[in-house]
Amino acid sequence: MKSEFAPEELAALAGKWLSEEIEAIQPVRSGQVSKAFIVSTKGGPDYILRVNEQAIFFQRDAWIYRRYAHTGIPVPEVIALEERGDFAYAISRRMPGQMLMELPEAEVTQLLPRMIEMLDRIHHCDVSESRGYGPLDREGNGMFASWTDYLLSVNQGEQAERMERAYRTTCLDRGLCTRLYENMRALSTFCPQERYLIHGDYSFDNVLTEGGEISAVLDWGSASYGDYLFDVSWGSFWDFGGSFFQAFKDYSQFCKTPIPTLEERIQCYHCYISLVALLFFAERGQTDVYQMLKQAILTELSL
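If you read the sequence shown in the numbering used here, its first letter stands for residue 1, the second for the next number, and so on.
Have a look at the derived ranges for each label pair, beta carbon to beta carbon: (1) Leu301 x Thr71: 29 to 39 angstroms; (2) Thr257 x Ala6: 46 to 56 angstroms; (3) Lys256 x Thr169: 44 to 54 angstroms; (4) Trp17 x Leu298: 43 to 53 angstroms; (5) Ala12 x Ile56: 18 to 28 angstroms; (6) Asn141 x Asp250: 31 to 41 angstroms; (7) Phe190 x Leu103: 33 to 43 angstroms; (8) Ser19 x Ala160: 45 to 55 angstroms; (9) Lys42 x Thr109: 32 to 42 angstroms; (10) Ser19 x Ser215: 20 to 30 angstroms; (11) Gln156 x Trp17: 37 to 47 angstroms; (12) Pro45 x Gly175: 48 to 58 angstroms; (13) Thr257 x Thr169: 43 to 53 angstroms; (14) Thr148 x Leu298: 21 to 31 angstroms.
Rather than coming from a laboratory, the hints here were simulated on the basis of the structure.
Yeah, the Cβ is synthetic: ideal placement off N, Cα and C, and Gly gets one too.
All chains should be modelled from the sequences, with the hints used to inform the complete structure.
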């Protein structure tokens with residue numbers, strides 16, 4: 001996928017689907033995988049145009065909206081999705097609110113209980129009409145036969161070949177990754193084979209707030225089925241201050257919800273996330289981020 005899109009290219013993509021006159025298209029903070037733009041229309045609503053190498057990420061967004069928006073989970077509606085050669089794009093309705101990551105730390109701390117409550121609602125969504133574990137396919141089923149199969153796949157098959165290439169051509173540390181994988185495999189015996197809906201990227205940059213409430217949960221491209229603690233692990237992994245995990249524990253104690261082998265499961269998923277993140281930043285040549293993350297992992301997991 002090319003790195004830049006001309007304004008007229010973006011206008012053509014959006015104009016194919018929108019009946020309103022397009023007034024402006026402006027880039028917004030994009031994720032590590034997708035590029036995102038605000039499409040403003042004359043006298044009408046705003047939309048979000050996103051571009052990615054793979055359509056499956058947007059297909060998961062669309063499937064989650066169709067299946068769960070009626071439950072009260074604030075998911076953006078995907079109104080258009082198309083594959084174009086080496087890239088795919090999607091247009092969704094712009095949701096109200098501001099990213100939590102853009103707020104002062106004190107405000108984020110106040111909103112953490114609401115964020116955890118929303119996550120709990122996601123985890124209580126009915127998944128009985130689907131099957132499988134791991135990332136959703138085009139039909140909304142998991143791609144793996146078991147949760148353990150999904151975890152171990154991080155260093156098997158094509159993924160193992162990808163890591164071997166990275167060991168040879170990037171700064172990826174073979175010794176560290178081997179220790180992470182072995183530690184994860186040992187800890188996976190503590191992980192239940194339960195099926196919950198998992199957001200997969202539940203963090204401060206994918207949650208919007210307005211009026212003291214959670215107004216939107218964005219970017220469902222990593223949606224999966226499996227242990228709900230994976231989302232807790234993801235949020236706590238990228239929250240170096242530790243407030244996310246503490247808010248989750250406070251919420252669980254308030255609800256009187258027992259959580260067997262909590263620490264082992266969290267550490268297992270931290271190992272998985274570490275492997276994925278280290279490979280991601282190494283392949284993209286983001287050496288500074290890679291080294292910072294590597295040091296944090298060594299400190300936290302005592303590897």
